[in-house]
Amino acid sequence: RAFPSFRFRVPNGHRVPCPKDASGCSPGDTLKGEPGSVCYGLGHATCQGGTMPLNDWGKAWKRAGKWTEALCKADSDGDGQSNGEELGDPCCLWKAGDEPSPYMAGFTPSHPGRASSKQPGTYK
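The numbering of the sequence shown is the numbering used here, which starts it at 110 and goes up by one.
Think of the hints as simulated: they come from the structure by calculation, not from any bench.
Certain hints may be false.
[Unchecked claim] Computed list of lysine to aspartate or glutamate pairs in EDC-like fashion (alpha-carbon distance at most 16 Å, straight line): (1) K227 - D165; (2) K141 - E208; (3) K168 - D184; (4) K227 - D130.
Working from the sequences, and respecting the hints, build out all of it.
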């Protein structure tokens, strides 16, 4: 089962900008560090969430049940970037409940379930 709280169980899950080709986007709260248009349903067919089928990220999340090193290192959407790279945890150190590091807090995530949404450039 999915719940709105799941977005807080992955790094930057509450701050993923809504991809241009997505539907179901929600207005973000910039005072909370969210983008102007945010995707709360990361694992779903639409950014609204609660829709089926699950996307590849949603299927991977369901199998893992929580943010794990394996889920972090995986590339669920096949765009050449790991889920951790897309969500601001490239070293796979974040755990649910952790405060974001300065790097993570200033990071603009991309959607781990949509190959059309990825980070520009490469990590060094």
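So, going through the hints one by one against the coordinates:
1. K227 - D165: 15 Å, holds
2. K141 - E208: 14 Å, holds
3. K168 - D184: 12 Å, holds
4. K227 - D130: Between K227 and D130 the Cα gap is close to 13 Å, so the pair holds against 16 Å.
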